[in-house]
Every structure is written in C-alpha cells, then in structure tokens.
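Chemist: So the chains spell out like this:
2 protein chains.
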Amino acid sequence: MMTDAYAIGIDLGGTQVRAGLVDWSGKLIARESMLTDRMGGPQAVVEQIGLLVDKIIVTKPECMIAGIGVSAPGPLDAVTGHILEIATLKGWENTPIVEMLEARLGQNVAIENDGLAAALGEWRYGAGKGLTHFVYVTVSTGIGGGVVADGRLLRGRRGMACHVGHMSIDPNGPRCGCGNPGCWEAIASGTALARRAQVAMMGDPASTLHSGPQPIDAGAIFAAARHGDGTALKLVNEEARWLGIGLVNLLHRYSPEKIVLGGGLSQGLDLMRAGIEAEIAAHAMVPFRTVSVVSAGLGGDSGIIGAASLFQFSDRI
Amino acid sequence: MMTDAYAIGIDLGGTQVRAGLVDWSGKLIARESMLTDRMGGPQAVVEQIGLLVDKIIVTKPECMIAGIGVSAPGPLDAVTGHILEIATLKGWENTPIVEMLEARLGQNVAIENDGLAAALGEWRYGAGKGLTHFVYVTVSTGIGGGVVADGRLLRGRRGMACHVGHMSIDPNGPRCGCGNPGCWEAIASGTALARRAQVAMMGDPASTLHSGPQPIDAGAIFAAARHGDGTALKLVNEEARWLGIGLVNLLHRYSPEKIVLGGGLSQGLDLMRAGIEAEIAAHAMVPFRTVSVVSAGLGGDSGIIGAASLFQFSDRI
Numbered sequence: 001m002m003t004d005a006y007a008i009g010i011d012l013g014g015t016q017v018r019a020g021l022v023d024w025s026g027k028l029i030a031r032e033s034m035l036t037d038r039m040g041g042p043q044a045v046v047e048q049i050g051l052l053v054d055k056i057i058v059t060k061p062e063c064m065i066a067g068i069g070v071s072a073p074g075p076l077d078a079v080t081g082h083i084l085e086i087a088t089l090k091g092w093e094n095t096p097i098v099e100m101l102e103a104r105l106g107q108n109v110a111i112e113n114d115g116l117a118a119a120l121g122e123w124r125y126g127a128g129k130g131l132t133h134f135v136y137v138t139v140s141t142g143i144g145g146g147v148v149a150d151g152r153l154l155r156g157r158r159g160m161a162c163h164v165g166h167m168s169i170d171p172n173g174p175r176c177g178c179g180n181p182g183c184w185e186a187i188a189s190g191t192a193l194a195r196r197a198q199v200a201m202m203g204d205p206a207s208t209l210h211s212g213p214q215p216i217d218a219g220a221i222f223a224a225a226r227h228g229d230g231t232a233l234k235l236v237n238e239e240a241r242w243l244g245i246g247l248v249n250l251l252h253r254y255s256p257e258k259i260v261l262g263g264g265l266s267q268g269l270d271l272m273r274a275g276i277e278a279e280i281a282a283h284a285m286v287p288f289r290t291v292s293v294v295s296a297g298l299g300g301d302s303g304i305i306g307a308a309s310l311f312q313f314s315d316r317i
Numbered sequence: 001m002m003t004d005a006y007a008i009g010i011d012l013g014g015t016q017v018r019a020g021l022v023d024w025s026g027k028l029i030a031r032e033s034m035l036t037d038r039m040g041g042p043q044a045v046v047e048q049i050g051l052l053v054d055k056i057i058v059t060k061p062e063c064m065i066a067g068i069g070v071s072a073p074g075p076l077d078a079v080t081g082h083i084l085e086i087a088t089l090k091g092w093e094n095t096p097i098v099e100m101l102e103a104r105l106g107q108n109v110a111i112e113n114d115g116l117a118a119a120l121g122e123w124r125y126g127a128g129k130g131l132t133h134f135v136y137v138t139v140s141t142g143i144g145g146g147v148v149a150d151g152r153l154l155r156g157r158r159g160m161a162c163h164v165g166h167m168s169i170d171p172n173g174p175r176c177g178c179g180n181p182g183c184w185e186a187i188a189s190g191t192a193l194a195r196r197a198q199v200a201m202m203g204d205p206a207s208t209l210h211s212g213p214q215p216i217d218a219g220a221i222f223a224a225a226r227h228g229d230g231t232a233l234k235l236v237n238e239e240a241r242w243l244g245i246g247l248v249n250l251l252h253r254y255s256p257e258k259i260v261l262g263g264g265l266s267q268g269l270d271l272m273r274a275g276i277e278a279e280i281a282a283h284a285m286v287p288f289r290t291v292s293v294v295s296a297g298l299g300g301d302s303g304i305i306g307a308a309s310l311f312q313f314s315d316r317i
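Each protein sequence line maps, in turn, to chains A and B. For the first sequence, position 38 (counting from the first letter as 1) is numbered 38 according to the working numbering, and the numbering increases by one without interruption. For the second sequence, position 267 (counting from the first letter as 1) is numbered 267 according to the working numbering, and the numbering increases by one without interruption.
Here chain A stands alone, though its shape is the one from the complex (with noise of 0.2 Å):
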C-alpha cells in the first residue's frame, strides 16, 4: 500500500557512499552504506549507488519515491547533472552522473555539491531552520560550504558557487589540493590540523597524543586537550584562531544571520569556541561581531538530508 512520499539522499564520499530514505519532515527513516570503489571510476559507483537504493527499495515496499538526490564532491555542474572532476577519485571527469543514474534507477536524479546540499539540509531542517542568511561550514579532511543568502540557497554559474574551502588566506601557505597555495582548506582542514599536530608531537615527547591513535586525527587531539595536554590546547587554540580568520571572511562576505558549523572538527566547537570569537571580535568589522557560530542540528547527515531535500521543495532555479 502506498503512503507518503519519500525521498532518497545519497552522500557520495571519497570513502564512503551512504544512502538514506527521507520522509517529509526530514527524517530519515532507513540507511544504507559502503565504502567508495575508488579505483572503479563512475560506472562502477553507480552500481554501488544502484546497490544500496535497491536494498532501501526492498526493505520499505510501501514507500513512495519522489526521487533521488545526489550530494556529491565539487565541481560539479549541478544544471546539467555532469560532476566536472572529483580531486579524491580518479577518472570522474565531465562524468554524465544524473543520466547514468537515472538510467540505472529509473527515478528522477537530482545532483548538489556537497556542501550546498549539507547547507540545505540544515537550513530545511537542522541549526538553519527559519533563518533567511546563513553561511554552512563543514570542517573535516577538507573544508566545504554552501549559504543561504536573501532566503535562497547561493548556487551561482552552474551551481559552483560557495567552494568556502578555496580561498586563499595566506599567499605563503601550503599548496591545496585544487592547486591554490594558501587555500582556508589546506590551512584549517582537520587534515591541516593533524599535520601540524604530527609537527608538534616531535617537539613534545611527554605530550599524551602520543598515546592516541597514529597517525593522529582531530578527535585524538580534542581528546588530549579536554584532559588538559598542553601540546594538544595549543594546537587546538591554533586551529580556533585559522578557523576565525576564514569566518570573520564569510562574514564580510555573506552577512548571514548564524554560522553553523559541521563535519568532523564541529565535535571540538566546545574547545574552539572561545578562541573562534576572540578572532571574530578583533577583526570582523562590528556589525558583524555579534553573529553567533553553532553546531549542525542534523550531525553527519546534512548532506543525505539535504539531497533528498531536492525533491521535497520547489524552489530549484
């Protein structure tokens, strides 16, 4: 018997494809997922893709489909449904993903940048629920984005806009991975933060991430620091400080209403906090001072969400 519409959110990530069935408040009711075949190219994640939608399918028969929205990393040209390249996979040049999908599914495809469609997420139903202006910042291996700006999500020439990650904040820094040195990404990722914490650790042989996993990883180091390691608060001090140089950026850029911050390093925004608005208060101009930083409402699932959202509102350009 058929009830309510759903719709399917797929997360496709550079080590995971995690699917999700939606319903109409935001819910997400069943998941599925596996790791990325890296080495198969596209052809052989859509197969993934088709996998674990068929396995969501099957264990919920009486569900409607409205359709399956695709989070994926960027550039992407989300009006003609062509990812352009994917830095973390090989081979996903000006791949045709909608229409393979599509081919695959028989549904309606929809694709989004991922950090468009995790700012969706939020905005339709996490920490950005009601607001007209906020910026989404998602801190992990690397750094993503996406705003909702005059109550629209941003979504710019073939819906490339809000790559936050690649600005570059320091001409002399470390080279990112798209090539521009200095990028926001290659500085205050988690990736960043580890390396610096890698750094660190030789100069602190007593320090306790030592005893943390190795390589060290974001979570080791807020660990250490919530028990007081002074290497460890040092680093994350640092980290607040990287991460308020390209908020107080934002900012200036966007003036939303809230910031809401995701991915992985958002677990340490307790530890950061202080430190993130001590650099937004010397030198964001102040009428931008008071705007507050909050955690995502939605957690890891922003991007699954928000894909699905595509097909649960009308307002796509």
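One or more hints might be untrue.
Identical copies go unnamed one by one, so any copy, or any two together, can satisfy a pair.
Computed cross-link-like contacts, SDA-like style, restricted to lysine to any residue with a CA-CA straight-line distance of at most 25 Å [as the list claims (entries may be wrong)]:
id, residue 1, residue 2
1, K55, P213
2, K234, N172
3, K129, P287
4, K234, P171
5, K55, G14
6, K258, E85
7, K234, Q198
None of these hints come from the bench; they were simulated from the model. For clarity, every value in this text was computed on a predicted model and none was experimentally measured.
For this one, chain A is given, so just place chain B on it according to the hints.
Modeler: Just chain B now, with coordinates in the frame of chain A:
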C-alpha cells in the same frame, strides 16, 4: 508638463557628494556635485544632498521623481536605512540617514552600500546587463563590490553582504582600515599600490615615476608603465597578481559568469589583464578559469545610476 518618471541617484563618497537625474533607460541626464563636508557630520551632508537635489529639480522641473536612491560607504543597514559607520568620515555612527533625507527632501529615499549600488547599476545598465551571475569589483582608494547570483543582488542580513575588499588574504599583511590584518583592500587597493610605488621609487632614482605627480597615484603608475618604465611595469605586474589572488577567491565563492572591474584602477586593466588571467589560470579550479574580467560599462557613474535604479525596479527585498 509632467513627462515620464525619473529617479535621482546620490553617490556619497569620502571626497565628493554627487547627484544625478537618471531616466528609465538608465541614462544620466543631469548631474551636480560638491566636495563632501567631512567634518560637518550627517546633518551637514544631508543639507549638501538637499542642495544638489534642489539644483537638479530646478533645472528639470518637468521631471517627475519616483524617488531618491543613495549609494554610501558601509557598513550600513539597507533594511532600516541606517548608516552604521563610515571609516573615512567622523560622527556617522548609527545615523538614520533615510529618515533624515526624507524629512529634508519630501521624497521617498532608499539606501544601498556603494559596492552593491554600483553592481546594480552595472547589472541593469552596464557590463553585467543580461547576466544571471556576476561579480562587480571596484578598486580605487579602497576595494568594494557587489554580487548578482541566481538573478538577484546578494544582500544578506541587513543588506551588508559583499564587503569583498574585507577578506584577509595574508595573515601577515598590512592592517586594513577595518582593523583586519591583510585584507585584500589593504594589499591591492590604489592606496596600497601607491604605497608600494613610493618604496620602489626610492630604489630607482632614474624611474620616470619621479616626474609624475607627487605623491604618486595609480594613474601616473599606469602612464609610466605604458611608456615602458621598468619599475612601473613591475609594480603593475605585482598589482595584477594581488588582484588575481582576490579574484580567484571570488570566483570560487560566487561562481559568476563574468567579473566586472570598476574604479580608478580599471583604467589599467589593459596592462594588468595578462597578469590577472595568469593568476586565474594558475590557481582557480578548472571550471572557473574561463570566466573573463571586463571593465565597467558605466565608468564612474555605476553607483549613481545603480542607486537611482532602486526606484526603477520592484525586486527589492
């Protein structure tokens, strides 16, 4: 006898206050200006604007005025009509400028940040005409700008979005007037270029820059470069690189179809184009590299015409 409706645009700057009568095709058909009363505060400047408007109305009594749009330095709150502060003028904190001007002029008044107003002018009547996504950047004493994305001017909370000059691109760079270290404005504005020129001239006593106006300005640097002066050419190339670094950030941020460059430094775009394009080709992500940089179509009048256009279109938020 009444004819078609017109609107008046005001461009309130740190040096001049300018007023223009603009017809429904965006043509400036009368103009007046005077030096800004920098010390008199808001009341004196409101009176200056009143005198300029009176002069225009007296010479064109047959014109029906739909309203008066004001372009002013920010940050300002375009929604409530308050100027929050003006870095170059004293005593403007939280000035209810719209209310004051409506009382003085007996006309409907609206206010817009100067970068946004000029972007509106270029979008509706200039080099951005017909585009759905474009970025306008004005480089002169400072750097400002505005963005059209998805067919609408990006305004943000309180209409304060798109302070494009105030993004830090170098944490060790010179402190900006806004207080932020290494803002694009502090590094790549005409003021910053002139400062670098003064240093470079000390190292090159034979440069023709010494025979230009002192203190040197961007126009004289471009002129010397056109005559093959080596130091001037080096300065121009360095300026192009800094402009390019900021423009790459804006490409990734807004995904425009075109970048429109205005302000005094756009007079040297022919000299800087190769350097700017080289920076974009080297550091923008591939799908962003084809975006061209063109000169403003309305020259120094983008702001007046854009401000007037606030009363010529009904799409204000």
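Chemist: I want to check one pair: K258 and E85. Are their C-alpha atoms no more than 25 Å apart within a copy, between two copies, both, or neither?
Modeler: Classified as between: cross-chain Cα gap 22 Å, same-chain 31 Å, threshold 25 Å.
Chemist: With identical chains, the pair K129 and P287 could be close in the same copy or across copies; at 25 Å between alpha carbons, which is it: within, between, both, or neither?
Modeler: Classified as within; 23 Å inside a copy, 32 Å across copies.
Chemist: Please sort K234 with Q198 into within, between, both or neither, judging by C-alpha distance up to 25 Å.
Modeler: within (13 Å within a copy, 40 Å between copies)
Chemist: Tell me, please, which holds for K55 and G14 at an alpha-carbon limit of 25 Å: within, between, both or neither?
Modeler: The answer is within: 21 Å in one copy meets 25 Å, while 65 Å across copies does not.
Chemist: Checking an output row: K55 and P213, CA cutoff 25 Å. Within, between, both or neither?
Modeler: Neither. Shortest intra-copy (34 Å) and inter-copy (75 Å) distances fail the 25 Å Cα cut-off.
Chemist: Tell me, please, which holds for K234 and P171 at an alpha-carbon limit of 25 Å: within, between, both or neither?
Modeler: both (24 Å within a copy, 18 Å between copies)
Chemist: From the Cα coordinates, with 25 Å as the cut-off, is the pair K234 and N172 best called within, between, both, or neither?
Modeler: Both: 22 Å inside a copy, 20 Å across copies.
Of the numbered hints listed earlier, the single one contradicted by the structure is hint 1.
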